[in-house]
Amino acid sequence: MSFDVSAIKKDFPLLSREENNDSLIYLDTAATSQKPQQVLDVVDSYYQEINANVHRGAYRLAEKATTAMENAREKVSDFIKSERSEEIIFTKNATESINLVARSWGEANLSEGDVVLLSSLEHHANIVPWHQLAESKGIEVRWIPLTESGLFDLTDLDRLLEGVKLVAVSGASNVLGTIPPVRILADAAHDVGALCLVDASQYVPHRPTDIEELGCDFLAFTGHKMCGPTGIGVLWGRSELLDQMPPFLGGGEMILDVTQEGFTVNTIPWKFEAGTPPIAEIVGLGAAIDYLESIGMSNVLEHEKTLTSYALRTLTERLGDDLVIHGPDDVSVRGGVFSMAYQDIHPHDVSQVLDDRGICVRAGHHCAKPLMKLLGVGATVRASLYLYNDEADVDALADALDATGEFFSQ
Amino acid sequence: MSFDVSAIKKDFPLLSREENNDSLIYLDTAATSQKPQQVLDVVDSYYQEINANVHRGAYRLAEKATTAMENAREKVSDFIKSERSEEIIFTKNATESINLVARSWGEANLSEGDVVLLSSLEHHANIVPWHQLAESKGIEVRWIPLTESGLFDLTDLDRLLEGVKLVAVSGASNVLGTIPPVRILADAAHDVGALCLVDASQYVPHRPTDIEELGCDFLAFTGHKMCGPTGIGVLWGRSELLDQMPPFLGGGEMILDVTQEGFTVNTIPWKFEAGTPPIAEIVGLGAAIDYLESIGMSNVLEHEKTLTSYALRTLTERLGDDLVIHGPDDVSVRGGVFSMAYQDIHPHDVSQVLDDRGICVRAGHHCAKPLMKLLGVGATVRASLYLYNDEADVDALADALDATGEFFSQ
Amino acid sequence: MSGLEDLYREIILDHYRNPRNQGELETPPAVMAEGFNPLCGDEVKVHVHVEDGLIVDIKFDGNGCSISQSSASMMTTAITGKSLSEVEDIIYSFKQMMSIHEKSLEGESETTESSTTGLGDLQALQGVVKFPVRIKCATLGWNTLEQCFEELD
Amino acid sequence: MSGLEDLYREIILDHYRNPRNQGELETPPAVMAEGFNPLCGDEVKVHVHVEDGLIVDIKFDGNGCSISQSSASMMTTAITGKSLSEVEDIIYSFKQMMSIHEKSLEGESETTESSTTGLGDLQALQGVVKFPVRIKCATLGWNTLEQCFEELD
Ligand SMILES: Cc1ncc(COP(=O)(O)O)c(C=O)c1O
Ligand SMILES: Cc1ncc(COP(=O)(O)O)c(C=O)c1O
Chain A
96 MSFDVSAIKK DFPLLSREEN NDSLIYLDTA ATSQKPQQVL DVVDSYYQEI NANVHRGAYR
156 LAEKATTAME NAREKVSDFI KSERSEEIIF TKNATESINL VARSWGEANL SEGDVVLLSS
216 LEHHANIVPW HQLAESKGIE VRWIPLTESG LFDLTDLDRL LEGVKLVAVS GASNVLGTIP
276 PVRILADAAH DVGALCLVDA SQYVPHRPTD IEELGCDFLA FTGHKMCGPT GIGVLWGRSE
336 LLDQMPPFLG GGEMILDVTQ EGFTVNTIPW KFEAGTPPIA EIVGLGAAID YLESIGMSNV
396 LEHEKTLTSY ALRTLTERLG DDLVIHGPDD VSVRGGVFSM AYQDIHPHDV SQVLDDRGIC
456 VRAGHHCAKP LMKLLGVGAT VRASLYLYND EADVDALADA LDATGEFFSQ
Chain B
96 MSFDVSAIKK DFPLLSREEN NDSLIYLDTA ATSQKPQQVL DVVDSYYQEI NANVHRGAYR
156 LAEKATTAME NAREKVSDFI KSERSEEIIF TKNATESINL VARSWGEANL SEGDVVLLSS
216 LEHHANIVPW HQLAESKGIE VRWIPLTESG LFDLTDLDRL LEGVKLVAVS GASNVLGTIP
276 PVRILADAAH DVGALCLVDA SQYVPHRPTD IEELGCDFLA FTGHKMCGPT GIGVLWGRSE
336 LLDQMPPFLG GGEMILDVTQ EGFTVNTIPW KFEAGTPPIA EIVGLGAAID YLESIGMSNV
396 LEHEKTLTSY ALRTLTERLG DDLVIHGPDD VSVRGGVFSM AYQDIHPHDV SQVLDDRGIC
456 VRAGHHCAKP LMKLLGVGAT VRASLYLYND EADVDALADA LDATGEFFSQ
Chain C
20 MSGLEDLYRE IILDHYRNPR NQGELETPPA VMAEGFNPLC GDEVKVHVHV EDGLIVDIKF
80 DGNGCSISQS SASMMTTAIT GKSLSEVEDI IYSFKQMMSI HEKSLEGESE TTESSTTGLG
140 DLQALQGVVK FPVRIKCATL GWNTLEQCFE ELD
Chain D
20 MSGLEDLYRE IILDHYRNPR NQGELETPPA VMAEGFNPLC GDEVKVHVHV EDGLIVDIKF
80 DGNGCSISQS SASMMTTAIT GKSLSEVEDI IYSFKQMMSI HEKSLEGESE TTESSTTGLG
140 DLQALQGVVK FPVRIKCATL GWNTLEQCFE ELD
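Line order of the protein sequences matches chains A, B, C and D.
Remember, the numbering used here sits 95 above the position in the first sequence when you count from 1.
Remember, the numbering used here sits 95 above the position in the second sequence when you count from 1.
Remember, the numbering used here sits 19 above the position in the third sequence when you count from 1.
Remember, the numbering used here sits 19 above the position in the fourth sequence when you count from 1.
There could be a bad hint or two in this list.
[Said to hold, decoys possible] A few chain B positions that, by computed beta-carbon distances, are all more than 10 Å from chain D:
#1 Lys105
#2 Gln143
#3 Thr162
#4 Leu246
#5 Gly258
#6 Leu414
#7 His443
#8 Asp444
#9 Gln447
#10 Asp451
#11 Ala474
#12 Ala487
[As the list claims (entries may be wrong)] Some chain A residues close to chain D (C-beta under 7 Å, calculated; not the full set):
#13 Pro303
#14 Leu351
#15 Asp352
#16 Glu356
Note that these hints are calculated values from the structure, not bench results.
Where a beta carbon is used, it is the ideal one built from N, C-alpha and C, also for glycine.
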């Protein structure tokens with residue numbers, strides 16, 4: 096295979112480090128990804144060579160900084176196949192991106208009784224902003240149910256869509272791995288005159304993204320899960336919508352004019368980018384995209400699919416009934432995220448023993464408490480894969496789970 | 096003098112670079128500061144050695160990341176003499192910090208006719224959020240006038256304070272250098288039962304900060320102007336106030352519980368920190384504070400005062416009536432920010448010629464259009480000083496202004 | 020698994036596998052409180068029957084990790100039959116043992132060794148302070164016990 | 020000051036110091052439009068009198084940097100007496116000269132050399148493309164002229 100994981104691992108300083116004489120096995124990309132040296136280098140040289148505040152500076156350094164930032168905007172735009180880079184709004188994380196839609200579009204377009212339709216596997220980032228609108232404006236939040244295997248249950252979709260103004264769903268689940276049928280939901284939303292927002296935090300990092308194929312109107316994602324720095328998120332929106340929306344945060348950059356009496360807003364994207372942007376982080380996200388594209392997103396997807404199959408097979412074969420993996424087992428509708436229950440050992444205890452063997456997995460509710468409640472658990476152990484993981488990592492996970500069982504039954 | 100600027104300059108890679116065979120003379124710190132290598136190194140090693148998502152991770156790496164972040168919160172807290180680190184809220188920039196107060200405290204506590212009192216020299220970041228509340232809630236925005244020399248005119252303060260619920264003023268002006276009488280205003284605000292917010296974006300980077308001495312209730316500042324990374328801002332607020340305020344952005348981290356029916360909010364500071372925080376940026380801000388403290392903020396202030404005097408004297412002596420420096424000429428009430436008009440040459444043209452000589456100054460309205468209108472100008476040339484500037488930089492500025500005059504009168 | 024052995028001492032695992040005083044008591048005469056760690060989902064319910072200033076009976080019930088459940092179990096054995104003021108001393112010593120110094124923020128944990136005497140088996144939980152995220156697990160039952168006492172007032 | 024000489028060609032400075040066709044025209048018969056660059060505060064007012072498809076007179080007035088003012092001045096001399104369709108060609112060529120390729124995003128500017136012929140003195144403004152923030156200055160008067168033409172329709 097042309098996909099050389101061992102070469103890729105070398106790009107990531109943290110994965111080449113020795114931790115307690117074992118090298119680190121990082122299986123928590125769903126929380127945040129590791130960063131390749133290439134990205135760190137670009138951020139460093141931004142600071143060392145062209146750091147200046149962007150826009151309006153007439154000196155060359157400021158021009159270079161502006162160019163570097165706007166250049167990254169083009170890269171992000173191309174990466175998700177948007178044709179207009181002004182449709183790319185930089186935020187601090189996916190959470191802010193979704194809040195922006197709720198506060199700007201939502202405040203302006205939703206009123207009492209209007210329905211926002213979510214799915215039952217959403218991350219808190221795509222729940223709480225809508226609960227907040229329920230409190231402030233009396234909108235209704237409604238939930239698409241899941242099937243036993245963690246897929247979307249669309250049998251009642253017509254009824255669910257009554258009164259809906261927005262369908263807001265994950266592009267990929269951070270708990271179950273489920274890849275929801277976004278296109279179907281986006282089309283169904285449009286059929287009833289509603290819009291569709293996709294929380295693509297777990298989608299964009301892992302597969303080729305094409306907003307026209309997805310068919311949605313807003314797309315939110317976050318830099319730190321895709322080899323980029325912390326402190327940078329993205330909202331893509333259709334320009335017809337963004338143009339009409341009122342501004343969100345107020346301050347510098349987002350205005351055309353300010354007087355003592357009032358202000359006039361700038362055009363997109365700057366309308367939504369108040370204050371000094373996370374310039375180095377934007378440049379770093381551009382570098383992350385360069386890195387991912389140098390590998391190729393279809394290759395990343397292919398690799399993850401193969402590894403996901405391997406993991407499902409290996410874990411099931413090796414651990415049998417001791418291990419429950421929540422979510423779908425069909426790799427065509429799931430990504431490499433595994434929420435697990437092992438024997439009746441508490442997830443915290445599992446992750447503690449795994450950590451002792453240099454394996455990083457997450458134990459908890461993964462910011463998806465409504466889903467945890469549906470699954471009837473308080474927490475799960477979650478392992479998640481990325482381009483830098485390989486079969487040896489999966490084997491190590493299986494070994495460690497085995498050892499955990501032994502440790503607690505001694 | 097124990098303050099060794101040439102050694103300090105060496106810490107800043109961009110200031111040791113050669114640009115067109117001249118070294119760069121950076122006089123635009125009011126827009127953003129340069130970064131010392133020490134800060135870049137800490138950020139790099141964060142990513143290379145302990146990068147993980149914070150909170151809730153039970154593995155050691157996640158614990159280290161959490162400790163690094165919360166450790167930086169302590170540093171920020173100590174730096175402004177707060178006694179409770181939970182009063183430090185991390186945002187993406189000062190603009191978001193001020194918006195947070197406007198949207199959370201403002202939405203909950205202001206109603207039609209209530210007055211927010213600003214000064215006439217505010218940055219758009221401390222104007223537009225209040226204009227937005229004027230639009231949405233019908234509050235009134237009122238303005239403290241300035242004297243001829245750019246100081247606050249408080250003769251009518253009693254009348255100005257009628258109906259005021261919040262006094263929101265800069266700790267230091269990014270255009271005139273003016274240091275407003277914050278303590279007097281904070282006390283006066285409290286006397287009429289109002290609160291006081293200080294936009295300390297140009298204050299905290301340049302002098303020792305003590306929130307109790309300032310006497311304010313909220314303090315906003317931004318990392319990139321104080322040797323820190325982009326993408327990180329701070330809001331300090333009194334915990335009694337923060338505890339009572341409704342949350343701002345909704346998502347992960349800021350909740351205690353989420354169900355399909357609603358959510359309960361976390362305690363401060365996390366209540367106001369939705370989503371993955373700018374972790375590396377927070378750690379970088381901590382490193383910036385370490386750097387500044389290694390030099391000593393009183394030394395920084397002393398150095399800037401001396402250099403400001405030198406600059407005022409040198410520029411006036413060398414350029415005479417050709418140069419107008421807006422703002423106060425008394426170094427006890429001004430910092431090292433000089434907004435200038437030179438002959439009748441347009442600021443853009445001045446900054447272009449200066450840039451050609453490797454001197455970075457800003458030409459424009461500096462995000463303070465209402466002040467520009469008061470000054471009766473469309474734009475100014477602004478030079479601003481920091482710990483890495485020295486007399487030679489000021490001399491080079493004077494030389495370059497001279498040369499600009501010659502160039503345009505040839 | 021050297022680091023682990025510090026955390027999961029044999030006696031802790033024993034209480035986890037064979038919890039003592041598991042169950043409920045009738046209220047009244049007992050009082051009851053529920054504790055909850057929203058971050059990891061651990062739950063514990065404590066029923067305690069106090070008569071004439073003595074703990075005459077205590078039961079706990081819960082759902083959570085080995086640390087939260089064994090700590091609650093060990094707590095019940097440590098305080099049964101004790102007077103309220105003795106119990107307060109034990110709570111104090113236990114929390115001292117669990118409290119990490121400022122210094123831990125620099126990466127090292129350090130306990131106040133001096134005050135752990137008199138805790139008996141509970142001293143086995145000392146290893147927890149090396150794993151800061153687990154401290155909340157260890158103290159869950161204890162905070163819930165304190166809530167019970169508030170009911171009494 | 021090598022880079023600067025590219026931007027501030029002698030003829031540009033000359034138009035800046037001695038602007039041609041400064042002033043106003045009576046409206047009607049002339050039409051007027053105002054242009055504004057909110058980012059730097061530059062302003063320009065253009066009055067143009069068109070008769071039988073010919074520019075019979077044009078005046079400008081404004082407030083701004085050397086580039087915005089000299090570009091407006093040079094524009095007035097370039098189009099006086101020309102037919103509307105000739106003027107449209109000039110506007111097109113000028114904007115082509117000012118337009119930077121995608122490539123400029125990689126740090127290098129590149130103009131479409133081929134189409135700058137026929138611009139005469141205006142070619143002196145070609146150096147502006149090396150200073151991207153100044154392009155808006157150079158095109159301000161031209162955009163304002165186009166606004167005038169919209170008034171005509
Ligand atoms: C006085 C003042 N307030 C607020 C800001 C806004 O800071 P930021 O752009 O980092 O939000 C600035 C700087 O741009 C400033 O100078
Ligand atoms: C599905 C999903 N949505 C949203 C988020 C929020 O991303 P962030 O914390 O960067 O805002 C995450 C990750 O935490 C996620 O997994």
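Unsatisfied constraints (hint numbers, rising): 7, 8, 9, 10, 11, 13 and 16
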